[in-house]
Structures are given as C-alpha cells and as structure tokens.
Amino acid sequence: MTSVKLKLKDSDVQKLKEIALSFNNEAGELINVLHKAQEHFGYLPAEIQEVVAEELNIPVAKVYGVVTFYSFFTMLPRGRYPISICTGTACYVRGAEKVLDEFKRILKVPVGETTADGKFSITCLRCVGACGLAPVVMVGDKTYGRVTTDGVKEILKEYENEE
Amino acid sequence: MAKYKMHMLVCGGTGCHASEGQMLFENLKKEVQDNNLENDVQVIATGCFGFCEKGPIVKVIPDNTFYVSVEPKDAKEIVAEHALKGRAVKRLLYFDPVRKEQIPDSKHMGFYKKQLRIALRNCGMIDPENINEYLAADGYEAMGKVLLEMTPEEAIKEVMDSGLRGRGGGGFPTGLKWQIASKNHADQKYVVCNADEGDPGAFMDRSILEGDPHTVLEAMVINGYAIGATKGLIYIRAEYPLAIHRLKIAIDQAREYGLLGTDILGSGFDFDVEIRYGAGAFVCGEETALIHSMEGERGEPTFKPPFPAQSGYLGKPTNVNNVETYANIPVIITKGAKWFSSIGTEKSKGTKVFALAGKINNVGLIEVPMGITLREVIFEIGGGIQGGKKFKAVQTGGPSGGCLTEKHLDTPIDFDNLLSVGSMMGSGGMIVMDEDDCMVAVAKFYLEFTVEESCGKCSPCRIGNKRLHEQLDIISKGNATEKDLDNLRNLSNVIKDTSLCGLGQTSPNPVLSTMDNFWDEYLAHVNEKRCPSGVCKDLIRYEVIAENCVGCTACARNCPVNCISGERKQLHVIDQALCIKCNACLEKCKFNAIAVI
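Those protein sequence lines, which keep their order, are chains A and B.
Under this note's numbering, residue 163 is the last one in the first sequence; the count climbs by one each step, no gaps.
Under this note's numbering, residue 597 is the last one in the second sequence; the count climbs by one each step, no gaps.
Okay, chain A solo, but in the shape it has when bound (with noise of 0.2 Å):
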C-alpha cells in the first residue's frame, strides 16, 4: 500500500473527510461511507481506501476486504460509457450471451476492463428487472431492450460521436 500511483489531490482528501463526517466517522457505516465515495469518484482505488480507513479508524485491510467482497464496488476507472450487459437467467435464455460476446469482439476488450481510449468498459450485471425486455442492455442510464447481436452495433454507433 505504500506505491502511491494516484496522488490525491488536497480537494480530495477534504472531500472524502467531509463525507466520513457526514456519518460521524463510525466504523459501522463503512458501506454507506464507501458508496457515496465511489459516487463522488467514479472508483475506489487504494489511495481513496486509505483515507476512509484512517478517518473510520479501521484497517486499511478491513476496506479493501468490503470493497472486494461487493460487486457495485469497483477499484477501476469505468469507461465515459460504461456499457452493462444484463446475465440475469431470463436473458441469458434470451440470448445476452451472444451479445457479450459481441460487446467483447467489437471493443476487443474482456468483461471488467475499459477500452485504451477510456470511452467504453464492459461489465455483467445480474437482473435489473426488466426481463420482458430481455436481453437487456445499459449504457449508462439508458437502457436497451431485445437486444439482438446486430443490435450490439447499432448501439455504438450511437456513441460513435460523442467524446
């Protein structure tokens, strides 16, 4: 934990205090502590977890294990559109398994990576709960219903400008 990759900023560092604050520095509110960090920063790398142990005074360990443990945490930088994949059963019977795929060959990058440029990153999610739609896929907010593998390009395209 000592190679310090990511300095965090001075701003930062106050942020993360105000919001441990916010929960009056208890131990127990690890999770909700960790959620409004994550919504703040987009990720919890070890820097980010170091701070929110010292102002919990727990084990920087201790974070690392919850963070790990839960899968909304995620300790990488997610695309400027990240792109979930729904493998829920209703549409992995469905067909969501042909679409990752697809997602996977066209981006060229595994599940839970983002792509060079920094515009994409794929992750499965289980069941949003909108399987009369299934297969579901979200880019960001938006969702998109019955998707088909010709579907998978259509949607980039929709990104194809944006940065």
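Some hints here could point you the wrong way.
From chain A, some residues computed to sit far from chain B (all C-beta separations above 12 Å) [unchecked claim]:
hint : residue
1    : Lys9
2    : Asp12
3    : Lys15
4    : Leu21
5    : His40
6    : Phe41
7    : Val60
8    : Lys62
9    : Ser84
10   : Val93
11   : Lys98
12   : Ala116
13   : Gly129
14   : Glu154
No more than 16 Å apart at the CA atoms, straight line, and that leaves these computed lysine to aspartate or glutamate pairs for EDC-like [claimed, not checked]:
hint : chain 1 : residue 1 : chain 2 : residue 2
15   : B       : Lys457    : B       : Glu297
16   : B       : Lys248    : B       : Glu154
17   : A       : Lys98     : B       : Glu295
18   : B       : Lys338    : B       : Glu154
19   : A       : Lys142    : B       : Glu20
20   : B       : Lys588    : A       : Asp150
21   : B       : Lys581    : A       : Asp101
22   : B       : Lys581    : A       : Glu97
23   : B       : Lys581    : A       : Glu18
24   : B       : Lys477    : B       : Asp538
25   : A       : Lys98     : B       : Asp436
26   : B       : Lys537    : A       : Glu97
27   : A       : Lys62     : B       : Glu297
28   : A       : Lys62     : B       : Glu295
29   : B       : Lys76     : B       : Glu38
30   : B       : Lys537    : A       : Asp101
31   : A       : Lys98     : B       : Glu587
It is worth saying that the hints were derived from the structure and are not from the lab.
Note that beta-carbon positions come from the ideal geometry of N, C-alpha and C, so glycine has one too.
Use these hints to put chain B onto chain A, whose structure you have.
Relative to chain A, chain B alone:
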C-alpha cells in the same frame, strides 16, 4: 378522487421506464392539458401492472381499457379518441394470440384471469409517490387497528393463525418468527426488511417497493409493535434506484402524517425506519450475512444458533422478513387470519408472487393462489411458449432451485410440493425454457453465478462449487466420461450436506435436478460428444445445406470473421477452422440453408 371522470394509469415500473414510459406519461399529461381536460381526466404514474412483456402499459379507468406497447407518440390519439370521444384506440388493445381476438379490458385477459392479488393489490392501482392514495385504499388501517385495539400477543396470534410463511425463500412461519423475537428481552430490538433481491431474473420485491412502498412501512410498524422493537431498517440493493427513490418519499410522507415517529396515532408507540444499502452480494439475502452487511462488514453468514431473533443487528434481537411477506401483513390484519388461511393449500396459505420470464409469451409479474399448477401458470397466464416451440423445462427458485419438466406440470405449487420434486419456491423466480435450451449449459450458467457469489467463508461452497463448474465445463466441451458424472453427483451431495449457509446447501440443486430429469442429455454430451440442443459451442458446427443454398451471399457478408466463401448464386462453404460459432449466418439466412449439427 371522485371528481375525475376518468383516470389514466401509466405504468411507472422499471421495465416500462426503460421503454420510454416516463415520456409517455408526460405526453399524456400535456395532451390532457392542451385539451383542457385537467378537471376531468387524471393521469397517474403507478407501480408495475405486471404485464411487462407488452409494456409500456396504460390502463383507463372506469372502463378498465388496457393499452399495450404504447409509445410516447400515441398519447395524442389516446386523449383525442378515448378521453374526448369515448372510443378506445383499437390498435393499442391487447391481441390474444390464443383466442385470436382483441381483448378490450384487463379482466378478460388470460394473463389476469387466474391471478389473485394480495401482496400486489395496490401495484398498478395507486400513485406510489402519494400517501393520500394509499390512505384512500385503506392504507394504514391495519396499523391503526393493531396499535389501538390489539395487544402485541394478539397481533402475533393473528399472523400465526393466518399460516403465512416467509416469502423470501425459506418458507419459515412468519408468526412463529415474530413470537420467538418477542420473547427475547432487550433494551433495543430491531425489525429488518430484506429487500436485497439478488436472484437473477426475479423482481417481485422491487415491484412492490416501486408500486406500493407504504404497505411495507405499515407492516414494519405492526411487526415492531408485535415484538417490541422501535427501530426498523430496510436493507435494499443499491441497484434499485427507483425503488429507493420511492421508498424515501414514502418514509418522509409517513413521518409528516405522524404514521412514523413518536407516539404513532396517539398510541404511545414509537417507531421509525432507516434505509441501508446493499452493494451487490447475493449471499446477503441470507439473514445473518445481511445483518453483517448492515454493520458495515463483509456480508458473510455465521452459524445459527444464535438466531437473529436472539442476537442479530448489533447483537440485539432482530426480526428479518422479506418485502413480499410484509406486503401480506396489512391485509391479514384487516381481513383476518381466517380469510387468509382459506386461500392456498393445507400447508402453504395465501398467494405467491412470481416473476415469470424466459421463453414465454407473457413475461411479467404475477400473483397466484398457492396450489395452482405450473401448467396453468405457464400455459394460461404465461400464454405458452414463444414462437410455438416446445416446452422443455421450468426453473423455479433461482440458483437454489431446480429444473422441472413436463411431468411436473400438474403439480400444485406450494412450498412442500416444490421441495419434494427437487426444486424449491425460492423468492419466486420462474424461468421457462424451450427445446433450444441445453440443460448442461443451464446448470453451468447457474454454477457460474454461484461461484461468483460464494462468499468464500466455508470450503465446501468456495472450492466445491468451483470444481462443479469445472466438471460441467469439461462435459460441455465433450471431454468427460460417465465416471465424471458419478463424481459430479457425489460432489453435489457433499456440498449440500456440508455447507454453512443456504447458498451452498442449495447451489448444487440445478445440477442434481437437471441430472435427474435430463440424464439422456448428459449422456449425449459424454458418450456421443453431442449437444442435442445445439448450444455447447465445442460440440456443434455450422454447415451449409447444399440443396437450400441459393448463393445470396447474405451469410458471407454478415460473417464477422469472414469464414464463409462462395460466389454469387453458387453454393457457399463455411471454413470450420475459422468459424467462431456466433450464429450470425443462421440468423441472416432466409432460405434455411444453415444448420447446426
């Protein structure tokens, strides 16, 4: 509500939201305004109607007209025709594929006919963001009755007599759970609502919270009074933003009306509710894991006893119930245990909400009385299999349940019957599969899920499930022997017998039930190195059928790896060495000239 002549209910659930339901809602409001109908027609965004397959849905009251697959641009016509001229917009009515006719109202639709809505009674009926609508639908009446007229013991007895069993999966008698918690004395006790719905393909709890959040709050107050707890916590998935949003509104409104807080309704009883967020861990549906998660720890389960009723959240007696269980409580109190226990089977009373999904015509959320058969659910309510294909299996209970077949279709659904045929009720996911689904691949899919979601605390679950998944992978690649199948079964039984919590104790169920019911399919993978459903990629190949190929080049043009060659109007050939089995050629061919062999 009486002053309006017409109400237009627009589904505001997550599914319909995703298909521009919000814009439709706004367009309808605007059209009503533009036509100066604000005093006659009320447009409301409600919770889920359940018929997600055909969303977005608009229901018009009083005539119960049920519009399906409505687009935002249809708002103009609906207002102009229906509101102004009193004529239904025919093209938006539901077309019944079985009866081959349009059905004007929801009461006559096959999807709704056999349903009985208790937990979902207000979903799709009221505006979930307006407490007055809940109050108008007899909301908080049960709470008033319990707080002002009943003793805690009487409330527990009522729930016990109703025969209500936990809807989250286990089926433990709710009244008994309350009684145990009430008998453990402490300075502080807690009531927890488990809204960490992690079962993939299930969205019952989400729909209730989105469509009728107050019913859960009301039930939690009753629960608190019954066991002597003054604090309630709702543990909900962070992946459910809409449900969280509506729950927060509901809590604020209930506080404002004095239905939460100190001295509720002058009864002297204090109770308040807080929201806690999950962060994506299936195992947190297990109550001890859930409690650890609420304490800011990793969501790992611990050995029971001590049960949460003895030592739960922060070491205090805690009662954990699921969302759907709570949604039944107010009705049980107002209509009585006797009424509730008259519905259902001998040991499973009341109704159950199922999320019907997969290869079925009417995907959606349904609530049916216990004792209904799988056949009625799949073929009458669900409208049968998509595309006229053949029914193969139905998976109930999510990753903990099993795959049931044709021979189980007439089994009356209840907790015990499903267990006895090798599956379980679970939280209510019901995924229908057709002849194109490979059961080995399905079992592998579920194990992949379990491996990912195992918390890692106990080794049978952590290591055993990983080995099960590896074995299934070997089978799906055609590299296994019959001996491996024996090992698979043995290991499954060991994991079931020795795992610490419900996750590991049930995770081999998809393997065991598919082995029991589709043994031939396993043998085909092992002995003939063949996948009968044409799913397992290593065991299939795509071929051009010479007599059907007209040389249109559609397949070659769409092949992502350019492995199909052939001149125009000539027979095409697939290079097997390059083919990635993506299925694109088969989807594109209009002449049935591509086959999976």
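Right, here's what the structure says about each hint:
Under the 12 Å C-beta cut-off, the non-interface status given to A:Lys9 relative to chain B holds; the minimum distance is some 26 Å. Consistency note on A:Asp12: stated as away from chain B, and its beta-carbon is indeed over 12 Å from all of that chain's, at 22 Å minimum. Residue placement check: A:Lys15 keeps its beta carbon more than 12 Å from all beta carbons of chain B (closest about 19 Å). Its beta-carbon lying about 16 Å from the closest one in chain B, A:Leu21 satisfies the requirement of being farther than 12 Å from that chain.
With a cut of 12 Å on Cβ distances, A:His40 stays outside the contact zone with chain B, its closest approach being about 15 Å. Remark: the non-interface label on A:Phe41 is consistent with the geometry, its nearest Cβ contact in chain B lying 15 Å away (cut-off 12 Å). Listed as outside the interface, A:Val60 is consistent with that label: its C-beta sits roughly 14 Å from the nearest C-beta of chain B, beyond the 12 Å cut-off. For A:Lys62, the requirement that its beta carbon stay farther than 12 Å from each beta carbon of chain B is not met, with the minimum near 8 Å.
Listed as a non-interface residue, A:Ser84 fails to keep its Cβ farther than 12 Å from every Cβ of chain B; the least gap is roughly 10 Å. Non-interface call for A:Val93 relative to chain B: violated, since the shortest CB-CB distance, roughly 5 Å, does not exceed 12 Å. Distance check for A:Lys98 against chain B: the nearest CB is about 6 Å away, which does not clear 12 Å, and the non-interface claim fails. Non-interface call for A:Ala116 relative to chain B: holds, since the shortest CB-CB distance, roughly 21 Å, exceeds 12 Å.
The claim that A:Gly129 is not at the interface with chain B is violated, since a C-beta of that chain comes within 12 Å of its own (minimum 3 Å). No Cβ of chain B approaches the Cβ of A:Glu154 within 12 Å, the least distance being about 14 Å, so the stated non-interface status holds. In summary, the hint linking B:Lys457 to B:Glu297 is supported, as the alpha carbons are separated by about 13 Å, within the 16 Å threshold. Between B:Lys248 and B:Glu154, the direct Cα distance comes to roughly 31 Å. Violation of the 16 Å bound is thereby established for this hinted pair.
For a cut-off of 16 Å, the pair hint linking A:Lys98 to B:Glu295 is broken: about 39 Å separates their Cα positions. For the proposed pair B:Lys338 and B:Glu154, the alpha carbon gap of about 14 Å is at most 16 Å, so the pair holds. Proposed proximity of A:Lys142 and B:Glu20 is supported: the alpha carbons are some 10 Å apart, at most 16 Å. At most 16 Å may separate the alpha-carbon atoms for a hinted pair to count; B:Lys588 and A:Asp150 meet this at roughly 10 Å.
Restraint check for B:Lys581 and A:Asp101: satisfied, since their Cα atoms lie roughly 11 Å apart, inside the 16 Å limit. Under the criterion of a C-alpha separation no larger than 16 Å, the hint pairing B:Lys581 with A:Glu97 is consistent with the structure, at around 12 Å. A threshold of 16 Å between alpha carbons decides the hint, and for B:Lys581 with A:Glu18 the separation of about 53 Å lies outside it, so the pair is violated. A distance of roughly 5 Å separates the Cα atoms of B:Lys477 and B:Asp538; the hinted pair therefore holds under the 16 Å criterion.
In summary, the hint linking A:Lys98 to B:Asp436 is supported, as the alpha carbons are separated by about 14 Å, within the 16 Å threshold. Taking the CA atoms of B:Lys537 and A:Glu97, the gap is near 12 Å; set against the 16 Å cutoff, the hint holds. Only pairs whose Cα atoms come within 16 Å are accepted, and A:Lys62 paired with B:Glu297 is accepted, the gap being roughly 8 Å. Between A:Lys62 and B:Glu295, the direct Cα distance comes to roughly 13 Å. Compliance with the 16 Å bound is thereby established for this hinted pair.
The suggested pairing of B:Lys76 with B:Glu38 holds, with an alpha-carbon distance near 15 Å, which does not exceed 16 Å. For the hint linking B:Lys537 to A:Asp101, the alpha-carbon distance of about 13 Å falls within 16 Å, and the restraint holds. Restraint check for A:Lys98 and B:Glu587: satisfied, since their Cα atoms lie roughly 12 Å apart, inside the 16 Å limit.
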